[in-house]
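Undergrad: Each chain, letter by letter, is given below.
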Amino acid sequence: MADTTATSVQTATSSAPSGFWRFVRRNPTLVVGLVILIGMVFVALAAPFMAGDPLTMKPIDRLKPPSEQFWFGTDQLGRDVFARTLWGARISLVVGISVALLSVAIGLAIGLLAGVVRWIEAAVMRLLDGLMAIPSILLAIAMVSLFGASVGIVIIAIVIPEIPRVVRLVRSVVLATREQPYVEAAIAGGAPMWKILVRHILPPTIPPLIVQATYICASAILVEAALSFLGAGTPPEIPTWGNMIAADRIYLGRAPWCIFCPGIALALVVLAVNLVGDGLRDRLDPRIARRM
Amino acid sequence: MHETSSPLLTVDDLKTYFFNEDGVTRAVDGVSFHVRQGETLGVVGESGCGKSVTALSILRLIPSRIGRTVGGHIAFDGHDLLDLPESEMRDIRGNRIAMIFQEPMTSLNPVLTVGGQIAEAVQIHRRVSRKEAWARAREVLELVKIPDAARRLSDYPHQFSGGMRQRVMIAMALACDPKLLIADEPTTALDVTIQAQVLELMLELKEQTHASVILITHDLGVVAETCQRVIVMYAGRKVEEANVFDLFDRPAHPYTRGLLGSVARGKAGSRLQEIPGMVPSLREPIVGCAFAPRCPFADERCRSESPHLEAVAAATGDVHTAACFKSAEVMAA
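Line order of the protein sequences matches chains A and B.
According to this note's numbering, the stretch in the first sequence is residues 1 to 292, in order.
According to this note's numbering, the stretch in the second sequence is residues 1 to 333, in order.
With the rest of the complex left out, here is chain A (with noise of 0.2 angstroms):
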């Protein structure tokens, strides 16, 4: 009786953990960084409730290291770094945020139908290599420029260059699926296009839009960073990663946590979505997937 309940226990913890830990040890990379993101989003959500107010100046404090009451430290006009940090978050994760989402649901439609319409494809496709030869940050200069600095602008600029990559990944996949025997006795047996279009050949698309909608939020969340930084993105008032680092960046000797926070505070955010997009691409892809 004692053996039995000895072994049994010894199983239990040596070999069978509960299904959350294998999940996790089967999938660091994931795991890691959907606990980074979550947490950013938290905090991003919570910055009002968290931290006082971004935009307050106390010359009087300028330059603090950080202490007790500035967690991080002031900068040049004595505004609370730690405030400006977590406020400085949410531009970041809604930009990357917005980005990805735009990016793929317009690269979806037009992918689809490319990869269907015979003359939309072959209008479409010469259109879109023309695009992605704009290198995207030079399309959001100029167009701030013409438009004025805000936030919708940045994630429209940031926006057009990546419809043709997510174009491109939907359309490979959809010329793929369309040969398959399947959706040939699909359209044998009387099925409309658009039926065999959202049954047969969208699904598929799924997977790696999903992986490469982290990226594209990850490229996202650093190309409006450097906008911010050129001051050609989001207007100077806003707190942003960017916008701080170069306003301070000539303190960087006297007061490295002016740039160092928001700077890892951006490492940190588009490690996490760069890790999650690994973990996601390692368990969507099946040939990935059964090797482990």
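Bear in mind the hints are in silico, worked out from the structure with no lab data behind them.
A portion of the hints provided could be inaccurate.
Now the in silico label distances, taken between C-beta atoms and shown as ranges [said to hold, decoys possible]:
1) 152(A) / 283(B): 51 to 61 angstroms
2) 84(B) / 152(A): 49 to 59 angstroms
3) 203(B) / 116(A): 35 to 45 angstroms
4) 35(A) / 84(B): 26 to 36 angstroms
No residue lacks a Cβ here, since even glycine has one placed at the ideal position from N, Cα and C.
Could you slot chain B onto chain A? The hints should help.
TA: Quick look at chain B alone, frame taken from chain A:
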């Protein structure tokens, strides 16, 4: 067998050509035949002779970017299928005329359940609820004798064997009670014992549903077992048409004779006869009889003049035609 019932499907002078940079390929060049109610018509010939293209042309499934049907008429149940608008054609596909493809392994979407795929085929043509469609799916799965059909509805294609999957395809084709079933090499991808089962099942179901069947195959054994009438195709044309008994007893075209000669009849040590040479390219216009370069009977006339289908004397008194100047010689040989 006599021509009692009027034909369900009449194909008249069908021409389907493929177009590419190199020129025109005459894949089907003036083929005519008909299928009567409840009849099984065999279409035989080697790869590339236009069997499948004929089938796809009937359903207007030739992709427009590679080819199209340039001539002829296809009368089905009072409609000319070549004149119907696409929306009405969609209503015929899968509903009045169903097709079974060669590849049971890939003709089902691997990520959807078998029941869902059959139910969807039902819902395309019938205004029924999801539940009723699933009930019909279960019914047809039982019809094709899949054990434990109710439970297998929620299985995925990879959980079925090849023969079982072909049964599922047959069930799907029968789901809307089609009047005509076109089976394009339905047993080619299956192993021999399963082939027999699937064929037997198809025949049985044909009797039950009174559907007509066009059976496309290169397997003469299958034809002998299942068909009443046979057309033989070569290089995009019909070269012989006969009742199955006449065709096997006294083939009138040397190509049919060659095909019959190349079937293994189980006599140990006897060498199989092959048909020498190759199928002619359908890109260049063919002068004379297309089979002449491979034909042991061919003479000067065969190489310069193109033979037309003509009636030959049939033992059963049924229609027997062949496109050969030497048919009398071939039948006597």
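Undergrad: All hints are to be evaluated individually against the structure, with a verdict given for each.
TA: Hint-by-hint comparison with the structure:
{"no.": "1", "hint": "152(A) / 283(B): 51 to 61 angstroms", "in the structure": "58 angstroms, holds"}
{"no.": "2", "hint": "84(B) / 152(A): 49 to 59 angstroms", "in the structure": "50 angstroms, holds"}
{"no.": "3", "hint": "203(B) / 116(A): 35 to 45 angstroms", "in the structure": "38 angstroms, holds"}
{"no.": "4", "hint": "35(A) / 84(B): 26 to 36 angstroms", "in the structure": "60 angstroms, violated"}
The earlier numbered hint that this structure contradicts is number 4, and it is the only one.
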